Amino acid sequence: AQKITQTQPGMFVQEKEAVTLDCTYDTSDPSYGLFWYKQPSSGEMIFLIYQGSYDQQNATEGRYSLNFQKARKSANLVISASQLGDSAMYFCAMREWGNQFYFGTGTSLTVIP
Amino acid sequence: NAGVTQTPKFQVLKTGQSMTLQCAQDMNHNSMYWYRQDPGMGLRLIYYSASEGTTDKGEVPNGYNVSRLNKREFSLRLESAAPSQTSVYFCASMVTAPLSNQPQHFGDGTRLSIL
Numbered sequence: 001a002q003k004i005t006q007t008q009p010g011m012f013v014q015e016k017e018a019v020t021l022d023c024t025y026d027t028s029d030p031s032y033g034l035f036w037y038k039q040p041s042s043g044e045m046i047f048l049i050y051q052g053s054y055d056q057q058n059a060t061e062g063r064y065s066l067n068f069q070k071a072r073k074s075a076n077l078v079i080s081a082s083q084l085g086d087s088a089m090y091f092c093a094m095r096e097w098g099n100q101f102y103f104g105t106g107t108s109l110t111v112i113p
Numbered sequence: 001n002a003g004v005t006q007t008p009k010f011q012v013l014k015t016g017q018s019m020t021l022q023c024a025q026d027m028n029h030n031s032m033y034w035y036r037q038d039p040g041m042g043l044r045l046i047y048y049s050a051s052e053g054t055t056d057k058g059e060v061p062n063g064y065n066v067s068r069l070n071k072r073e074f075s076l077r078l079e080s081a082a083p084s085q086t087s088v089y090f091c092a093s094m095v096t097a098p099l100s101n102q103p104q105h106f107g108d109g110t111r112l113s114i115l
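Same order as they appear, the protein sequences are chains A and B.
Taking this note's numbering, the leading residue of the first sequence gets 1, the next gets one more, and so forth.
Taking this note's numbering, the leading residue of the second sequence gets 1, the next gets one more, and so forth.
Each hint should be verified, as a subset may be incorrect.
Simulated restraints on C-beta separations [stated by the list, open to error]: (1) A/A18 / B/S18: 26 to 36 Å; (2) A/A18 / B/Q22: 37 to 47 Å; (3) A/I46 / B/N30: 46 to 56 Å; (4) B/T96 / A/A71: 29 to 39 Å; (5) B/R77 / A/S31: 32 to 42 Å.
Calculated from the structure, these hints are not laboratory results.
Remember, predicted model here, so these are calculated numbers, not experimental data.
Idealized CB from N, CA, C, for every residue including glycine.
Bound conformation, chain A alone (with noise of 0.2 Å):
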């Protein structure tokens, strides 16, 4: 089974609108950490946000925010008054206990002016 499954292939949306991304993961684990990457068309994989299993509070990083629903095992990014340059691929990832990343398949948000 996939550890980490994003849905959605590609996503549009409309500048300064908000928009989710899709995570769910799949773990036995009681401790776990899901991350949030984004790469831009340059390539490189920059580090967005993080949520720990046991955090009471969604996490938020300025314009990203992390809909956490623990029972459903998503962990949604929601990304708020969306800009061009948001424009990339985004990866959902999770850490169990250890030092193994699993990464999902990814999902390309192209912002539309």
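Fit chain B to the given chain A structure using the hints.
Positioned in the frame of chain A, the structure of chain B alone reads:
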């Protein structure tokens, strides 16, 4: 801050040739990783090293070898390149902690084409 440095950035090989991709980090991280990224498949782990002197196989290790030369450097070797190994290769490093909020830090990638 250099962070994670990969060399080369681009390489074209012929089938059967060998080469080594180099990776160095200056953040004093214990854990280092090699991934490959193919269209529609996300990042897949090839090998990782939790500490100097240890290496472990990831999801797709066949056709690759690694060396953790010291704490800073982690190299990936293709002994006999095949067209199926055409990909973008990323090196990453991370603080080793039982479970922390520390992310992986990535290099800029090596785009490798095998003809």
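Evaluated hints:
Between A/A18 and B/S18, the C-beta spacing of about 49 Å breaks the proposed range 26 to 36 Å. Distance hint for A/A18 and B/Q22: a CB-CB separation of about 42 Å, consistent with the stated range 37 to 47 Å. In this structure the hint that A/I46 and B/N30 lie 46 to 56 Å apart at CB is violated, the actual value being about 22 Å. At roughly 30 Å, the beta-carbon separation of B/T96 and A/A71 lies within the given 29 to 39 Å, and the hint holds.
Checked against the hint of 32 to 42 Å, the C-beta distance between B/R77 and A/S31 comes to roughly 34 Å, which is consistent with it.
When each numbered hint is compared with the structure, violations occur for hints 1 and 3.
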